[in-house]
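Enquirer: Sequence:
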Amino acid sequence: MKKKLLLSSGILALASPFISATCVVKNKSENDNPAASPAPNPVTPPTTEPVTPPNTPPNTPPTTEPVTPPDTPPSVQPAPNPITPPATNPVTPPNTQPSNPPANDKLEKEHDKKHEEASAKLTADLFSDANGRSVESIKSRIYRDSISGLDIDWNPRRDKEIEIASKIDNLIAIEDHNESSSESTLRLFDDTYTDAKNKAYTDAKNKALLEKAKRDVAESNDSVERNSRAIETGNWTGISKDEEEKLRKQLTDISESILNNDPDEWERKEEARITWENAFTKEPFWNDINNRDWVKEYKESLGRKNEPLTEKLKTLEDKNNKEISTKSIENEKYIALLKSDLNDHKTALEKQKQEVEKQLASTSSQLDNPGVKEKLEQINSAIEDLNELLRDSENELDSYEADINYYDWLVGYGKSLRAQKTATETELSKLKELLKKLKQQLESKIKPINDRFDKNSKEVENLLKTEKDTKASEFNKLKEIYKEIDDYDKYWMYTFSSPKESITDKFEEITRISDHIRVLKASINDLVKLRSVIKINKSNSIDEVKKLFSKPLADKEAAIEKLEKDFKTIEAEDERINVNISKINSQNEANKKERDLAKNDIENIDRALSELLYTSNIMSSELNKLCEDKKALESKSKEISEKLAKLEEKEELIKHLEEIYNDQIEELEEKAYDSEKYLNDQIKKTEQEISKLK
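Read left to right, the sequence shown gives residues -21 to -1, 1 to 673 (mature numbering (1 follows the signal peptide of the UniProt record, and there is no 0)).
Everything labelled a hint here was simulated from the structure, so no lab data went into it. All values derive from a computational prediction rather than experimental measurement. All C-beta atoms, glycine included, are put in the ideal place defined by N, C-alpha and C. One should not assume that every hint holds.
Simulated pairs of lysine-lysine, DSS-like, Cα-Cα distance not exceeding 25 Å [stated by the list, open to error]: (1) K610 x K330; (2) K622 x K325; (3) K517 x K444; (4) K416 x K426; (5) K444 x K508; (6) K352 x K609; (7) K416 x K517; (8) K458 x K500; (9) K500 x K450; (10) K418 x K544; (11) K547 x K409; (12) K634 x K609; (13) K337 x K544; (14) K426 x K437; (15) K447 x K458; (16) K325 x K609; (17) K400 x K562; (18) K530 x K541; (19) K275 x K671; (20) K604 x K352; (21) K394 x K409; (22) K416 x K535; (23) K278 x K664; (24) K424 x K298; (25) K337 x K325; (26) K330 x K544; (27) K508 x K447; (28) K424 x K411; (29) K411 x K400; (30) K500 x K437; (31) K615 x K332; (32) K615 x K400; (33) K544 x K562.
Label-pair distances were calculated between CB atoms; the ranges are [claimed, not checked]: (34) E646 x S319: 45 to 51 Å; (35) D377 x N559: 20 to 26 Å; (36) S511 x L417: 28 to 34 Å; (37) K434 x F528: 21 to 27 Å.
Working from the sequences, and respecting the hints, build out all of it.
Expert: Below is the structure:
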């Protein structure tokens, strides 16, 4: 946001850009360009119409309500105009000059450009993630350059592991040696925690100062608006040309401090500005002037305004001098500590190097002794001869052991065959017994079925026989009746009719017997069908029982058949093994005797070889230790020389650090001068103003 103040009187033509409370830059991702973010559009407040002061007494405030600027934040409301001009004879401001709009437009464009650059820089500082991008870059490089991303699949060779272990041991020794000087070295070259602390402090301080700047800028805008309206309407406070320049410089310094994001500089100038405003606006200029002695009153007023400036300047000078003195003493003590530690370290390294050179000369003389090497060569030659003899004896022993082991294996194999044969016989007997039991169970299941169905079938046969006999009897009766009827037909003329046995009764008897025969035939057919059903059910029931036992019976029979086949195979193999054992039994006894002799020879050779190897290992380890000691001493001597060379570099670094500290002191003195310059200039201008009134 931008506010522009144009004074029609010509005394003050000022346009100052300010960052208001609403100038908040939107957060951007790390891929965006903060510098490309557009600056806020300047907003020009509406032109204030001149207001004619009312004809009121001198101490009566005007009745006009204050006008709130449109761009003022809601939390900052302009205060009423505290300046009340006299009712009569208003004073015309001196040094009235015409306004210069083209110059104002040029100044506005310059401030627009400054505002864009400062906003971009502030946005980049506040929202950039340089550290995060650095960390991600390091992570990407680690994952790109290693096999697995975390080197979890690193499989070095054995010689590489030994080399790494040796390096680690050397590093541990070096670290122990340098432990005494690590603290001062860290303090000299490591600024990790200092930078983090300073960054956190600076961020917090910048945030607080920027918030305060926003509030002060809003208040200053309100004050400038009120003074502008007062001057345009003739209600001004008697500001002289020098005081106009003071106000111009004050507002410009504040805006540049905010735009340049320099909290320390802004804080010092802000303190000076507040002091000057307190002195300058303590009371209206009209209250210091009366009609009796204008010059005297004005001079006394300037003197009263000069006192707080002088006190503030003295306080600021004491503060700056104390800061410079404290910093200088701390730097001198730290440089002295570094130099003392460096000298102690250098003396210790030189002494250590002398001791290492002495030990190196002693080790070299021991390695150059020829007698030890010749004796070691003789022992190694004897070891080779014994090793060759030992290999021959071991080969012979292995041959005897192989023959004996083969005989033992045959015996063990024969025993296992006997055990398998016995087990197979036992298993075969068990299976046959189980098969017999299964068949008995099958017969026991079938017998009740046969009994039940045989009983039913017998009952049906009895009924069927009874029905058939009855049917035959009825047929016989029917034949007799037919015969009687036939005789009647032949001899009815020669016989007398009998009332007891009429021909009609005969026919009725025939009908009754015929019906009975039909019933008997139907009954016989039903019984025949029932007999067939009983036979079918009997067969089905027996088949179901047999089906339940068919698989177990088949499995048992198959198992018995397989075991009988295996038994025959085992029996044949057992006979073959017995024949082989009988053939090589005598040779096995001779092999055992030769094996015992070979073992005795190997023990004697091992004993002699162990003594020679022990002597050789002792001598070799001593020589290797001397060689390793020599290498370690040479490496240590070289390392000490490198450390001494690095100490010279540290001397240069300490000198460079002294120069940096001197530059810091000079920078503090310059900052102190800059912080005091504003108050000095204000005091000088006030004193010059007072001197002009003499």
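Enquirer: Compare the structure with each hint and give your call.
Expert: Structure-based check of each hint:
no., hint, result
1, K610 x K330, "holds (20 Å)"
2, K622 x K325, "holds (9 Å)"
3, K517 x K444, "holds (21 Å)"
4, K416 x K426, "holds (15 Å)"
5, K444 x K508, "holds (14 Å)"
6, K352 x K609, "holds (17 Å)"
7, K416 x K517, "holds (23 Å)"
8, K458 x K500, "holds (17 Å)"
9, K500 x K450, "holds (8 Å)"
10, K418 x K544, "holds (23 Å)"
11, K547 x K409, "holds (17 Å)"
12, K634 x K609, "violated (38 Å)"
13, K337 x K544, "violated (90 Å)"
14, K426 x K437, "holds (16 Å)"
15, K447 x K458, "holds (16 Å)"
16, K325 x K609, "holds (24 Å)"
17, K400 x K562, "holds (23 Å)"
18, K530 x K541, "holds (16 Å)"
19, K275 x K671, "holds (12 Å)"
20, K604 x K352, "holds (14 Å)"
21, K394 x K409, "holds (23 Å)"
22, K416 x K535, "holds (11 Å)"
23, K278 x K664, "holds (13 Å)"
24, K424 x K298, "violated (121 Å)"
25, K337 x K325, "holds (19 Å)"
26, K330 x K544, "violated (94 Å)"
27, K508 x K447, "holds (15 Å)"
28, K424 x K411, "holds (20 Å)"
29, K411 x K400, "holds (16 Å)"
30, K500 x K437, "holds (19 Å)"
31, K615 x K332, "holds (8 Å)"
32, K615 x K400, "violated (78 Å)"
33, K544 x K562, "violated (28 Å)"
34, E646 x S319: 45 to 51 Å, "violated (27 Å)"
35, D377 x N559: 20 to 26 Å, "holds (22 Å)"
36, S511 x L417: 28 to 34 Å, "holds (32 Å)"
37, K434 x F528: 21 to 27 Å, "holds (24 Å)"
The structure does not agree with the numbered hints 12, 13, 24, 26, 32, 33, 34 stated previously, though it agrees with the rest.
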